[in-house]
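Visitor: Sequence:
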Amino acid sequence: MNELSFEMESYSSELGKVEISPEVIEVIASIAASDVEGVASMRGSFASGVVERLGKKTHGKGVKVELSEAGISIDVYVSMKYGVAIPDVAQKIQDYIRQALLDMTALEATDINVFVVGVQFDSKEKQNEAPEVDY
25 MNELSFEMES YSSELGKVEI SPEVIEVIAS IAASDVEGVA SMRGSFASGV VERLGKKTHG
85 KGVKVELSEA GISIDVYVSM KYGVAIPDVA QKIQDYIRQA LLDMTALEAT DINVFVVGVQ
145 FDSKEKQNEA PEVDY
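Residue numbers for the sequence shown follow this note's numbering, so the first one is 25 and each next one is one higher.
It should be emphasised that the hints constitute simulated quantities derived from the structure, not laboratory data. The structure presented is a predicted model; accordingly, all values stated were derived computationally and were not measured. Here a beta-carbon is modelled for each residue, glycine too, at the ideal position from N, C-alpha and C. Some hints here could point you the wrong way.
Unchecked claim - List of simulated lysine to aspartate or glutamate pairs, EDC-like, C-alpha gap at most 16 Å: (1) K116 <-> D146; (2) K85 <-> D146; (3) K88 <-> D99; (4) K116 <-> E93; (5) K85 <-> D99; (6) K85 <-> D59.
Claimed, not checked - Restraint ranges, calculated between C-beta atoms of paired labels, are given here: (7) D146 <-> Q115: 21 to 27 Å; (8) D99 <-> Q123: 14 to 20 Å; (9) E90 <-> D119: 16 to 22 Å; (10) E43 <-> R122: 18 to 24 Å; (11) V143 <-> V42: 37 to 43 Å; (12) F145 <-> D99: 23 to 29 Å; (13) Y106 <-> K41: 42 to 48 Å; (14) E93 <-> D146: 41 to 47 Å; (15) V141 <-> A94: 23 to 29 Å.
Use the sequences and the hints to build the structure in full.
Guide: Dropping the structure here:
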């Protein structure tokens, strides 16, 4: 991960500066993407999976942030629910992340790339199964 932090524009305050780390942007993007209808789950790396199994929740799971002179680039890795219109859900993910980032940090991303890495099927058999009862 890039070790840069992003300094917000100063608003004529002499109290100091505000810096936002890439991890904060990852968390904002991950939560915003998870809120989109049609997203089954966020996909993290092997390391984040191990960390979660050890009991620590990784809120930036499935998001990679790159800070450069050109701006903020966000890569989002998601698994979609079966039956959704993937292009529509991907567009909503981009819109939700862009708006959440703007609302919470006043920053705009130059790129928000959505990578669909899986499709999750709901087991209709389990939903339609009635419990067996002996009479």
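Visitor: Any of the earlier hints contradicted here, and which numbers?
Guide: Violated hints (numbers, rising): 1, 2 and 4; every other hint is consistent with the structure.
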